[in-house]
Amino acid sequence: MVTTEKQLWEILSTNLPHNEWFNINKLYYTIESKISEFTINDLTSSAKFNHEPKWKRNLRNVLDDRRKTGDILYMGNATYMIPGEVQTMYSAENLLWIKNVKRLDGESWAY
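Read in order, the letters of the sequence shown correspond to residues 1 to 111 in my numbering.
Among the clues, some could well be false.
To be verified - Subject to a maximum C-alpha distance of 25 Å in a straight line, what follows is the list of computed SDA-like cross-link-like pairs (lysine to any residue):
| id | residue 1 | residue 2 |
| --- | --- | --- |
| 1 | Lys6 | Leu43 |
| 2 | Lys68 | Gly84 |
| 3 | Lys68 | Asn15 |
| 4 | Lys56 | Met81 |
| 5 | Lys6 | Ala78 |
What the hints assert, rightly or not - Label pairs and their calculated CB-CB ranges:
| id | residue 1 | residue 2 | range |
| --- | --- | --- | --- |
| 6 | His18 | Ala47 | 28 to 36 Å |
| 7 | Asn77 | Glu5 | 21 to 29 Å |
| 8 | Glu10 | Asn41 | 12 to 20 Å |
Just so you know, these hints were derived from the structure itself, not from any lab. Yeah, the Cβ is synthetic: ideal placement off N, Cα and C, and Gly gets one too.
Generate coordinates for the entire structure from the input sequences, incorporating the hints supplied.
Shown next, in the form of structure tokens:
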């Protein structure tokens, strides 16, 4: 049996600080460090042409589903945040504005 999306979300939402941006690799690491043993189905390839384990694809599905409900925010470049009490501070409109801001030295923000 594959680790469920509910289990993956529970691990992230209880083990990552809220209101901090994290790269997808940190999310993978968090899952790997909290699951003592993956099932054989978790470790099988997610597609014939891809050797990535199925649990990683399932985690990205969780992230995509939770973005739609506002449980997690996405800044681009595989960077995510679980908002806390100040969720309205990071509305979609604000994120679009933040992504387009130039630094004082004229360079774009790097994500």
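Check your understanding: Hint numbers the structure violates, sorted upward?
Key -> none
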